[in-house]
Amino acid sequence: MYRYDEFDHTFVHERVAQFRGQVNRRLSGELSEEEFRPLRLMNGLYLQLHAYMLRVAVPYGTLSSRQMRMLAHIARRYDKGYAHFTTRQNIQYNWPALSDVADILHDLASVEMHALQTSGNCIRNVTADQYAGAAADEIEDPRIHAEVIRQWSSLHPEFSFLPRKFKIAVTGAPNDRAAVKVHDIGLRMLRGPSGEAGFEVMVGGGQGRTPMIAKTIREFLPKQHLISYLEAILRVYNLLGRRDNIYKARIKILVHEVGAEVFRDMVEDEWALIKGTPVELPPGEMERIRTYFAPPAFEALADLAPEFDRRRLVDPVFAAWTRTNLFEHRQPGYAIVNVSLKPEGGVPGDAEADQMDGIADLADRYSFGEIRVTHEQNLTLPHVRKTDLYALWQALQSLGLATANIGTVTDIIACPGLDYCSLANARSIPIAQQISQRFADMDRVHNIGELKIKISGCINACGHHHVGHIGILGVDKKGEEFYQITLGGDATETAAIGDIIGPAFPYDGVADAVETIVDTYVALRQNGERFVDTYRRLGGEPFKEKLYAAR
Amino acid sequence: MPLVKQGRLAEDAWTTVDDEARLPATGAVIVPLSRWRSQRDALLARGGGLGVRLDSDQRAEDIAPDLAHLQLIALNFPTFRDGRAYSTARLLRERYGFGGEIRAVGNVLRDQFLFMHRCGIDAFEVADDRAVAAWQEALEEFSVFYQPAADRRVSASRLRQSRKAAE
Amino acid sequence: MSTRKRKPGLYMATANRLVDGEVVFLATDGTWAEDVTAGAAVDEKAADDSLAAAERSADACVVVGPYLIEITRGADGAVWPTLYREQMRALGPSVRTDLGKQAGPSARRIISDVPL
Numbered sequence: 001m002y003r004y005d006e007f008d009h010t011f012v013h014e015r016v017a018q019f020r021g022q023v024n025r026r027l028s029g030e031l032s033e034e035e036f037r038p039l040r041l042m043n044g045l046y047l048q049l050h051a052y053m054l055r056v057a058v059p060y061g062t063l064s065s066r067q068m069r070m071l072a073h074i075a076r077r078y079d080k081g082y083a084h085f086t087t088r089q090n091i092q093y094n095w096p097a098l099s100d101v102a103d104i105l106h107d108l109a110s111v112e113m114h115a116l117q118t119s120g121n122c123i124r125n126v127t128a129d130q131y132a133g134a135a136a137d138e139i140e141d142p143r144i145h146a147e148v149i150r151q152w153s154s155l156h157p158e159f160s161f162l163p164r165k166f167k168i169a170v171t172g173a174p175n176d177r178a179a180v181k182v183h184d185i186g187l188r189m190l191r192g193p194s195g196e197a198g199f200e201v202m203v204g205g206g207q208g209r210t211p212m213i214a215k216t217i218r219e220f221l222p223k224q225h226l227i228s229y230l231e232a233i234l235r236v237y238n239l240l241g242r243r244d245n246i247y248k249a250r251i252k253i254l255v256h257e258v259g260a261e262v263f264r265d266m267v268e269d270e271w272a273l274i275k276g277t278p279v280e281l282p283p284g285e286m287e288r289i290r291t292y293f294a295p296p297a298f299e300a301l302a303d304l305a306p307e308f309d310r311r312r313l314v315d316p317v318f319a320a321w322t323r324t325n326l327f328e329h330r331q332p333g334y335a336i337v338n339v340s341l342k343p344e345g346g347v348p349g350d351a352e353a354d355q356m357d358g359i360a361d362l363a364d365r366y367s368f369g370e371i372r373v374t375h376e377q378n379l380t381l382p383h384v385r386k387t388d389l390y391a392l393w394q395a396l397q398s399l400g401l402a403t404a405n406i407g408t409v410t411d412i413i414a415c416p417g418l419d420y421c422s423l424a425n426a427r428s429i430p431i432a433q434q435i436s437q438r439f440a441d442m443d444r445v446h447n448i449g450e451l452k453i454k455i456s457g458c459i460n461a462c463g464h465h466h467v468g469h470i471g472i473l474g475v476d477k478k479g480e481e482f483y484q485i486t487l488g489g490d491a492t493e494t495a496a497i498g499d500i501i502g503p504a505f506p507y508d509g510v511a512d513a514v515e516t517i518v519d520t521y522v523a524l525r526q527n528g529e530r531f532v533d534t535y536r537r538l539g540g541e542p543f544k545e546k547l548y549a550a551r
Numbered sequence: 001m002p003l004v005k006q007g008r009l010a011e012d013a014w015t016t017v018d019d020e021a022r023l024p025a026t027g028a029v030i031v032p033l034s035r036w037r038s039q040r041d042a043l044l045a046r047g048g049g050l051g052v053r054l055d056s057d058q059r060a061e062d063i064a065p066d067l068a069h070l071q072l073i074a075l076n077f078p079t080f081r082d083g084r085a086y087s088t089a090r091l092l093r094e095r096y097g098f099g100g101e102i103r104a105v106g107n108v109l110r111d112q113f114l115f116m117h118r119c120g121i122d123a124f125e126v127a128d129d130r131a132v133a134a135w136q137e138a139l140e141e142f143s144v145f146y147q148p149a150a151d152r153r154v155s156a157s158r159l160r161q162s163r164k165a166a167e
Numbered sequence: 001m002s003t004r005k006r007k008p009g010l011y012m013a014t015a016n017r018l019v020d021g022e023v024v025f026l027a028t029d030g031t032w033a034e035d036v037t038a039g040a041a042v043d044e045k046a047a048d049d050s051l052a053a054a055e056r057s058a059d060a061c062v063v064v065g066p067y068l069i070e071i072t073r074g075a076d077g078a079v080w081p082t083l084y085r086e087q088m089r090a091l092g093p094s095v096r097t098d099l100g101k102q103a104g105p106s107a108r109r110i111i112s113d114v115p116l
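So the sequence lines, in the order shown, correspond to chains A, B and C. Residue 479 in the numbering used here sits at position 479 of the first sequence; the count goes up by one each step and never skips. Residue 19 in the numbering used here sits at position 19 of the second sequence; the count goes up by one each step and never skips. Residue 18 in the numbering used here sits at position 18 of the third sequence; the count goes up by one each step and never skips.
The shape of chain A in the complex, shown without the other chains:
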């Protein structure tokens, strides 16, 4: 993974000093809250329902064990002993004091981390596939390019006061595990006409009030032109994005209003003037960054691991975990391990400091010291020998992190919702907990198969409900919490926005509704179809009928 050089260290320390100065000017009254607010947002510091909230950047979801230990330390020292992993691969602390934030940033800087641009109308954390560098279907490690983008976008003088936030995601494989189609810019790596690697560039995806799937504006962009092309897109957006209405200020609205063709022309015209100029990444720099993403020192192993197979046969609980939580690794004899942060009845995506330390130790022991944060609020240990899987699983069990539910009905994404967030209309976490408890039977969970439930507590859609197979949106109806259900969303390369199924359900009715939907699917599925396949085949009618029959 990337290691800071003296430039990066200097930058992040200068940033800490700058923020400390800004906080001091706020506390002394020299800066008003109105003036301070965009400054603290540019450093990921929100004022939420109960307290400040600090969102720390985990660039493209990659963490070292050393960094994870520091995150645990921060949770203990400055917060209440836990933290939350988010749908943009970041980590959030819910209770920091403003007067401590500069010290927190200082501690983060000591392990090459920061909270820069995790909020505000600027370019946010660039996210990537959590299996980067490990999955077999990858063309190239997308994190190389995510790191290039990260540096380029850090305190970019032209693009720090955009009409609205800006989110970029990169996937290095045809199978999109980074939800690129619902980002402001989605980059999908592919091979060009002469076999060279480059990007399909998609613009204008997003969720929130007006969910949209991104449009492809360039089928193939050679990778050496990534920076100039991004500058062109951002410049067009900065100049033409709406400034009169925050609900219409994202780039997706601009693309929609002028049309994808016109938008593409504007970008291409601008790009033609800057392509190949000194704005591009200097030659050699991409290679320098690439060296940090060289594969770890894998052993030459046989892919077969007899001990692993034997354990699966004799231990059904272990076997269940291997069915849901493992993903195929490109290196023979290795596996990608998903660590579920969705225990039965737990708060999705939360981890205690002790658990974080435990994962750091396991990463050192079993995964070359590397951990990933997924945009589904789980963690990944990317490079584990198959022969180590049983021991790892046992260790995860003792940490309460071995729930065998990745990608299933209880692997629920839920935003913090009204329990924490001042923007929310309704709570989302207890809904997730109720559903999780309703489906406590593991056999049932595995029988249902792949089913992605995503819950948002308000229209800002931080829970990504629009792209849930079952999406749940909390709304406020006359002071009461109600939940609108959508079906058929998809965050992958077959991206789709879910369809509203009918009238909203009250707080106490959601788990029942979800169970009805699931049972309907199980009764109607054919040939091992996933839920989303059955929905695509049959549409919403069978589900509506069952849900609203009694009404």
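Keep in mind that the hints are not guaranteed to be accurate.
What the hints assert, rightly or not - Quick look at which bits of chain A chain B covers, simulated, 3 or more residues with Cβ under 8 Å:
#: 1; region: 15–26
#: 2; region: 35–48
#: 3; region: 170–181
#: 4; region: 261–267
#: 5; region: 457–467
Unchecked claim - Result set (DSSO-like, lysine-lysine): computed pairs, CA atoms no more than 30 Å apart in a straight line:
#: 6; chain 1: A; residue 1: Lys215; chain 2: A; residue 2: Lys80
#: 7; chain 1: A; residue 1: Lys165; chain 2: A; residue 2: Lys80
#: 8; chain 1: C; residue 1: Lys5; chain 2: A; residue 2: Lys478
#: 9; chain 1: C; residue 1: Lys5; chain 2: A; residue 2: Lys477
#: 10; chain 1: A; residue 1: Lys223; chain 2: A; residue 2: Lys275
#: 11; chain 1: C; residue 1: Lys45; chain 2: A; residue 2: Lys478
#: 12; chain 1: A; residue 1: Lys165; chain 2: A; residue 2: Lys223
#: 13; chain 1: A; residue 1: Lys546; chain 2: A; residue 2: Lys478
#: 14; chain 1: C; residue 1: Lys45; chain 2: A; residue 2: Lys477
#: 15; chain 1: A; residue 1: Lys275; chain 2: B; residue 2: Lys164
#: 16; chain 1: A; residue 1: Lys223; chain 2: B; residue 2: Lys164
#: 17; chain 1: A; residue 1: Lys478; chain 2: C; residue 2: Lys101
#: 18; chain 1: C; residue 1: Lys45; chain 2: C; residue 2: Lys7
#: 19; chain 1: C; residue 1: Lys101; chain 2: A; residue 2: Lys477
#: 20; chain 1: A; residue 1: Lys215; chain 2: A; residue 2: Lys167
#: 21; chain 1: A; residue 1: Lys215; chain 2: C; residue 2: Lys45
#: 22; chain 1: C; residue 1: Lys5; chain 2: A; residue 2: Lys80
#: 23; chain 1: A; residue 1: Lys167; chain 2: C; residue 2: Lys5
#: 24; chain 1: A; residue 1: Lys80; chain 2: A; residue 2: Lys223
Unchecked claim - Per label pair, the in silico range of CB-to-CB distance:
#: 25; chain 1: C; residue 1: Glu34; chain 2: A; residue 2: Leu423; range: 35 to 45 Å
#: 26; chain 1: B; residue 1: Arg8; chain 2: A; residue 2: Pro283; range: 15 to 25 Å
#: 27; chain 1: C; residue 1: Asp98; chain 2: A; residue 2: Pro193; range: 28 to 38 Å
By construction, these hints were calculated from the structure, which means they are not laboratory data. Note that the Cβ used here is the ideal one computed from N, Cα and C, for glycine as well.
With the hints as your guide, set chains B and C onto chain A.
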């Protein structure tokens, strides 16, 4: 309002007028784009310094053909949140080669100075004298820059590569 | 000074403490209490004065983001926020009852609706 140029309080030799006001008999004037368009010939004939003020929804290309006649462009920041002028400033410098003064006016705050300076803005109309003192501090907050812009600061990537080449 | 016609009822000024973000409620003596039951519930005629006092406190960098909440008085005289969202702010996250105000000792004081 105090004017900061090259790190210090500067005399302002310019008079800003709106669409209606009488132009001073002599001396440098800054006019809105609309006035430049409607009175261009008269303004050129007047002599004295000529500057045009662009509002945040007005583009560099709106004034590009006339840059040779102008010594100053004022860019308005109606609120510090409106970041369009950062692009406009860069385009004036990098695309159109404007060598005159580019002045930030409007809601110009200390925490935006460095961004503005990097985009090619070299004069700042600030709210008060306290901002004058802060200007130099603000510019010195960073010594590392990750991307080239309209200024001469060399990006970290370029420094890394030239360092490597020197080895 | 007050131009806004508020609907009849009880109100209380609330904000977050600047230095640590703690949710606080304006008390009769003009200080900020961490417990809503120690805050000053005032009627609609006095609400704007409460808000003004809270805003002065924000200008003095004690709190940030002051606003008024609706208050309901129970049969026993105890005050409580009317809206669910504000009840949440007065308690803490419903999913972590070991955290926030609901978990700590709360200073119970006589409820007062004497205008500031």
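Here is how each hint holds up against the structure:
For the region 15–26 of chain A, the proposed coverage by chain B is satisfied: 5 residues have a C-beta within less than 8 Å of a C-beta in that chain, meeting the threshold of three. Given as covered by chain B, the region 35–48 of chain A passes the check, having 3 residues with a CB less than 8 Å from a CB of that chain where 3 are the minimum. Residue count for the region 170–181 of chain A with a Cβ under 8 Å from a Cβ of chain B: 0. That is fewer than the three needed, and the coverage hint is violated. Evaluation of the coverage hint for the region 261–267 of chain A: breached, as 0 residues show C-beta separations to chain B shorter than 8 Å, against a requirement of three.
Coverage of the region 457–467 of chain A by chain B is violated. Counting CB-CB distances below 8 Å, 0 residues qualify, and the rule asks for three or more. Between A/Lys215 and A/Lys80 the alpha-carbon distance is near 42 Å, which puts this suggested pair outside the 30 Å criterion. Restraint check for A/Lys165 and A/Lys80: satisfied, since their Cα atoms lie roughly 29 Å apart, inside the 30 Å limit. Taking the CA atoms of C/Lys5 and A/Lys478, the gap is about 22 Å. The hint holds against a cut of 30 Å.
Proposed proximity of C/Lys5 and A/Lys477 is supported: the alpha carbons are some 25 Å apart, at most 30 Å. A distance of roughly 12 Å separates the Cα atoms of A/Lys223 and A/Lys275; the hinted pair therefore holds under the 30 Å criterion. Taken as a hint, the C/Lys45 and A/Lys478 pair is honoured in the structure, with Cα atoms around 25 Å apart against an allowance of 30 Å. A threshold of 30 Å between alpha carbons decides the hint, and for A/Lys165 with A/Lys223 the separation of about 24 Å falls inside it, so the pair holds.
Note on A/Lys546 and A/Lys478: the hinted pairing holds, with a Cα-Cα distance of about 27 Å set against a maximum of 30 Å. For the hint pairing C/Lys45 with A/Lys477, the CA-to-CA distance comes to about 29 Å; that is within 30 Å, so the pair holds. Taking the CA atoms of A/Lys275 and B/Lys164, the gap is about 24 Å. The hint holds against a cut of 30 Å. A threshold of 30 Å between alpha carbons decides the hint, and for A/Lys223 with B/Lys164 the separation of about 22 Å falls inside it, so the pair holds.
A distance of roughly 26 Å separates the Cα atoms of A/Lys478 and C/Lys101; the hinted pair therefore holds under the 30 Å criterion. Taking the CA atoms of C/Lys45 and C/Lys7, the gap is about 9 Å. The hint holds against a cut of 30 Å. Of the supplied pair hints, the one linking C/Lys101 and A/Lys477 holds, its CA atoms being roughly 27 Å apart against a limit of 30 Å. A hinted pair counts as satisfied when its Cα atoms are at most 30 Å apart, and A/Lys215 with A/Lys167 qualifies at roughly 15 Å.
Pair hint A/Lys215 plus C/Lys45 does not hold up; C-alpha atoms about 55 Å apart against a cutoff of 30 Å. Among the hinted pairs, C/Lys5 with A/Lys80 is inconsistent with the structure: their alpha-carbon atoms are about 42 Å apart, more than 30 Å. For the hint linking A/Lys167 to C/Lys5, the alpha-carbon distance of about 43 Å lies beyond 30 Å, and the restraint is violated. Annotation: proposed proximity of A/Lys80 to A/Lys223 is violated, straight-line Cα distance about 43 Å (limit 30 Å).
The given range of 35 to 45 Å is broken by C/Glu34 and A/Leu423, whose C-beta atoms sit roughly 23 Å from each other. Separation of B/Arg8 from A/Pro283 is about 40 Å and departs from the stated range, judged on CB atoms against 15 to 25 Å. Range check, C/Asp98 to A/Pro193: about 60 Å between beta-carbon atoms, so the 28 to 38 Å window is missed.
Checked against the numbered hints given earlier, this structure breaks hints 3, 4, 5, 6, 21, 22, 23, 24, 25, 26 and 27; the rest are met.
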